[in-house]
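Could you slot chain B onto chain A? The hints should help.
Number of protein chains: 2
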Amino acid sequence: MQLFHHTFCPHSRFVRLAFGEYGMDPALIEERVWERRPDFLALDPAGATPVVVEENGLAVPGAAIIAEYLDETRGLALGDRRLLPEDLSGRIEVRRLTSWFNDKFFTEVTEPLVREKVYKRYMKREQGGGPPDMAAIRAARANIRYHLHYIGWLVKARNWIAGERLSYADLAAAAHISCADYLGDVPWDEDETAKIWYARIKSRPSFRPLLAVTMAGMPPAATYADLDF
Amino acid sequence: MQLFHHTFCPHSRFVRLAFGEYGMDPALIEERVWERRPDFLALDPAGATPVVVEENGLAVPGAAIIAEYLDETRGLALGDRRLLPEDLSGRIEVRRLTSWFNDKFFTEVTEPLVREKVYKRYMKREQGGGPPDMAAIRAARANIRYHLHYIGWLVKARNWIAGERLSYADLAAAAHISCADYLGDVPWDEDETAKIWYARIKSRPSFRPLLAVTMAGMPPAATYADLDF
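Those protein sequence lines, which keep their order, are chains A and B.
Quick note on this note's numbering: the first sequence kicks off at 349 and runs consecutively.
Quick note on this note's numbering: the second sequence kicks off at 349 and runs consecutively.
Bound-form chain A, shown alone (with noise of 0.2 Å):
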């Protein structure tokens, strides 16, 4: 099996994490997708990571149906871990709040944090790249503190973020935090019960592979790995 993946895009981590906890460690394959590589657009005409190919050629494309794809063909197998649930509304739940982090969180913190301070720096000018924008990364550091109460008061009321159970919902958080958390973009003194739900998703053995990761010439944050941050 197969992930085409970016060291910094959120739903690419989603994805590892997933597979973290299902056990599986697929080939990590790094696509730049601002490239455009043919063979990449032919396995996903929408060009976007991740993308997981299965032994038989079968390519499944986007954070939300590789999700519910893992939970069709493996979710049974683990059992009380299942990260989506059996119950009607704990499949809601689960799906809207991972949802609200891959989709709403993306687009008020992740995209832009990462576009303008990892992505722009490795695309050619006329792929957009250039200087980062500096009133979006504002924006994008102002969005952060809403959602991290969001956390905080979702996981005072619950024991994870979508019910009793670590579902699909932390690992979306967790992805996206990483990335904003690896470039030094979040406020822990915001939110002491958003900092602890992240201190104990962080010490989990999926998240070691996200916690290794550095960039050649862009180390991350100096509590970035550290589990007790």
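It is worth saying that the hints were derived from the structure and are not from the lab.
It cannot be assumed that every hint is accurate.
Said to hold, decoys possible - Reference excerpt, derived from the structure (chain B facing chain A, CB under 7 Å, subset only): (1) LEU376; (2) ILE377; (3) VAL408; (4) PRO409; (5) SER437; (6) ILE440; (7) ARG443; (8) ARG444.
In this text, a Cβ means the ideal position worked out from N, Cα and C, and glycines have one as well.
Positioned in the frame of chain A, the structure of chain B alone reads:
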């Protein structure tokens, strides 16, 4: 059952078409999301249409989550007219193309068109109202062309957009196109196969309620409700 929707929200139209195919007729409640009504935010903290509310009070927010929910609760009853196929690769393809229209087409075409031409008329200045941004409208009109070709290319190789049977992907594509068509922004001479596909889906009973829509002060384009356009 209730559906909180907006007449020009393409995701709401997608859900209305789905209800039509399921033979269901929920009560429609028009929601102006920019007013951020507290009771609506309590149903869906993201504050976006569509939201379905079951008779028992269960709220289901968002087009993709509603589609999964309806399939899980009523899909089997549709038999061979089921909108999400049973086989794994069919499910991936339907979800991929449903997301193509509900996410990508939305960002590139319907979101800017509807925001600039419709929502801005009804919003106060402090809510983001004002005269339309013509550059955004021109970009959306350019983008819709390649989507029409993609529909034509898919339908030529298959019977419907995601395979041999009508699926959620057709409903998503048609819902978004119907918004652009109301506004007179679909260049129907661009792709004959796409036009024939739209004529087929437009003549389905589930489509009738959408064709009956008219907005005070903003009549539809001349051929909007015309089955032979």
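Results for each hint:
1. Given the 7 Å rule on beta carbons, the hint for LEU376 of chain B is violated: about 21 Å separates it from the nearest Cβ of chain A.
2. Against a cut-off of 7 Å between C-beta atoms, the interface hint on ILE377 of chain B is violated, since the closest Cβ of chain A lies about 19 Å away.
3. The interface hint given for VAL408 of chain B is met, as the beta carbon of that residue sits about 5 Å from the closest beta carbon of chain A, less than 7 Å.
4. Here the hint on PRO409 of chain B is kept, as its CB sits about 6 Å from the closest CB of chain A, short of 7 Å.
5. A least Cβ separation of about 6 Å between SER437 of chain B and chain A falls short of the 7 Å threshold, and the interface hint therefore holds.
6. Residue-level restraint check for ILE440 of chain B holds (minimum Cβ-Cβ distance to chain A is 5 Å; threshold 7 Å).
7. Against a cut-off of 7 Å between C-beta atoms, the interface hint on ARG443 of chain B holds, since the closest Cβ of chain A lies about 5 Å away.
8. About 6 Å separates the beta-carbon of ARG444 of chain B from the nearest beta-carbon of chain A, less than 7 Å, and the hint is met.
The structure fails to meet hints 1 and 2 from the earlier list, while all remaining hints are met.
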